[in-house]
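Enquirer: Letter by letter, the chains look like this.
Number of protein chains: 2
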Amino acid sequence: MERLQRDQIYQLEKQYRISLINSLVGYKSLNLLGTISNEGITNLCIISSAFHLGANPPLLGIVIRPERAHNDTLTNIKSTGQYTLNNVLPDWYMQAHQTSASYPAGVSEFDVCGLKKLYVNGFKAPFVQQSTIRIGLELREVIDIEINGTTILIGEIVQILSDDQMIAADGTVDHVKAKTMTVAGLDSYFLPEFVGRLAYAKPGIETHELKQS
Amino acid sequence: MERLQRDQIYQLEKQYRISLINSLVGYKSLNLLGTISNEGITNLCIISSAFHLGANPPLLGIVIRPERAHNDTLTNIKSTGQYTLNNVLPDWYMQAHQTSASYPAGVSEFDVCGLKKLYVNGFKAPFVQQSTIRIGLELREVIDIEINGTTILIGEIVQILSDDQMIAADGTVDHVKAKTMTVAGLDSYFLPEFVGRLAYAKPGIETHELKQS
Numbered sequence: 043m044e045r046l047q048r049d050q051i052y053q054l055e056k057q058y059r060i061s062l063i064n065s066l067v068g069y070k071s072l073n074l075l076g077t078i079s080n081e082g083i084t085n086l087c088i089i090s091s092a093f094h095l096g097a098n099p100p101l102l103g104i105v106i107r108p109e110r111a112h113n114d115t116l117t118n119i120k121s122t123g124q125y126t127l128n129n130v131l132p133d134w135y136m137q138a139h140q141t142s143a144s145y146p147a148g149v150s151e152f153d154v155c156g157l158k159k160l161y162v163n164g165f166k167a168p169f170v171q172q173s174t175i176r177i178g179l180e181l182r183e184v185i186d187i188e189i190n191g192t193t194i195l196i197g198e199i200v201q202i203l204s205d206d207q208m209i210a211a212d213g214t215v216d217h218v219k220a221k222t223m224t225v226a227g228l229d230s231y232f233l234p235e236f237v238g239r240l241a242y243a244k245p246g247i248e249t250h251e252l253k254q255s
Numbered sequence: 043m044e045r046l047q048r049d050q051i052y053q054l055e056k057q058y059r060i061s062l063i064n065s066l067v068g069y070k071s072l073n074l075l076g077t078i079s080n081e082g083i084t085n086l087c088i089i090s091s092a093f094h095l096g097a098n099p100p101l102l103g104i105v106i107r108p109e110r111a112h113n114d115t116l117t118n119i120k121s122t123g124q125y126t127l128n129n130v131l132p133d134w135y136m137q138a139h140q141t142s143a144s145y146p147a148g149v150s151e152f153d154v155c156g157l158k159k160l161y162v163n164g165f166k167a168p169f170v171q172q173s174t175i176r177i178g179l180e181l182r183e184v185i186d187i188e189i190n191g192t193t194i195l196i197g198e199i200v201q202i203l204s205d206d207q208m209i210a211a212d213g214t215v216d217h218v219k220a221k222t223m224t225v226a227g228l229d230s231y232f233l234p235e236f237v238g239r240l241a242y243a244k245p246g247i248e249t250h251e252l253k254q255s
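Protein chains in written order, with our numbering: chain A, 43 to 255; chain B, 43 to 255.
Think of the hints as simulated: they come from the structure by calculation, not from any bench. One should not assume that every hint holds.
Since the list gives no way to pick out one identical chain from another, each pair is judged satisfied if it fits inside one copy or across any two copies.
To be verified - The calculated lysine-lysine pairs, modelled on DSBU-like cross-linking and capped at a C-alpha distance of 35 Å, are: (1) K219 x K253; (2) K253 x K166; (3) K219 x K56; (4) K56 x K120; (5) K219 x K244.
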């Protein structure tokens with residue numbers, strides 16, 4: 043077994059430490075974050091920090107980092123109050139990754155990375171046409187994290203746009219059918235295979251697989 | 043394409059909505075959260091809400107829900123200031139899932155679910171012996187989310203205990219080698235397969251795979 047303690051972690055070479063810390067927590071949710079400015083310029087960036095915060099009301103959190111060129115994103119979300127999260131598929135994950143490049147202001151990552159905008163009535167922010175699961179959110183809370191200057195945004199899910207037959211009879215999204223990818227660390231992409239679905243756990247009842255309906 | 047808007051989302055049958063909202067964001071980081079009380083009673087619960095917050099200082103966030111019986115966990119973390127996150131492997135993921143059952147106070151999920159405690163000098167909270175990637179954290183910030191009564195905990199990574207050869211030469215954790223699982227929704231478990239590792243994206247440079255060293 044290898045052990046690293048606080049002092050040793052801080053002494054690691056910078057890029058090694060970034061790769062290590064970014065990948066420690068395991069596989070992360072992978073989404074394209076779509077926004078639009080008040081001037082109508084769209085922005086798209088790949089993120090791996092979205093997390094489920096609760097189902098009632100339906101809330102997701104995302105982390106926005108100050109040191110990256112995501113300030114357009116934060117400005118857009120604060121000014122329009124809206125944003126979208128869209129899953130990433132193997133056929134075009136390289137295009138999704140390319141949205142992390144630092145393009146000049148005024149350039150839309152939708153255009154340069156070959157991703158198509160999808161708009162729906164009553165919602166300003168653009169969705170990604172090529173995705174199969176698309177979520178529209180309205181900003182509810184902005185939490186500035188003083189320790190490292192990041193910002194946690196909490197949004198309410200107000201739009202769900204899914205391709206046909208992606209949602210099972212009980213409401214669970216079938217991410218294998220949706221071809222949703224996941225990411226570990228900064229740049230390693232994966233496609234999960236189903237292992238099992240387990241029944242609600244109770245004390246004294248042996249853990250067992252859920253019967254699929 | 044299927045579309046659900048805010049009013050329709052609120053009108054969904056309760057269990058359907060919970061399953062849908064929980065699974066929308068995609069695959070989630072899967073970890074066992076280990077704590078100990080001031081009286082020495084250990085606690086272990088499976089969580090899918092851990093997220094990377096930053097590498098310098100090395101920070102992770104987790105969401106603690108009030109409505110679940112995880113209050114022991116929150117009490118333990120607040121009183122000792124320490125907790126651990128441990129990855130989940132296919133050989134014993136049913137035991138990990140079983141930690142989500144509501145056991146009476148005083149019962150340790152380590153014992154009833156057959157998971158072995160691992161302690162290291164200088165750190166109070168128990169790690170999971172069977173895991174291959176284990177993270178020790180110290181509590182840095184408690185954020186109460188008023189909208190839904192959840193709590194976001196921000197912790198600093200102060201211990202990394204990994205089985206041998208789980209970390210690549212550049213610092214990235216090899217989660218395929220580590221056999222780390224992921225979860226979608228409440229109860230569906232997956233094992234990812236590697237698709238590709240992409241080079242740092244730059245404008246005007248075609249997206250390409252990173253040469254593995």
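Enquirer: Please go over all the hints and tell whether each is borne out by the structure.
Expert: For each hint, the structure was consulted:
With identical chains, the CA atoms of K219 and K253 are at most 35 Å apart both within one copy (19 Å) and between copies (30 Å). Taking the shortest alpha-carbon separations for K253 and K166, neither the intra-copy value of 41 Å nor the inter-copy value of 40 Å comes in at or below 35 Å. Taking identical chains as interchangeable, the C-alpha atoms of K219 and K56 lie at most 35 Å apart only when they sit on different chains, with a minimum of 24 Å there against 39 Å within one chain. Taking identical chains as interchangeable, the C-alpha atoms of K56 and K120 lie at most 35 Å apart whether they share a chain (32 Å) or sit on different chains (31 Å).
For the homomeric pair K219 and K244, the shortest alpha-carbon distances inside one copy (30 Å) and between copies (31 Å) are both at most 35 Å.
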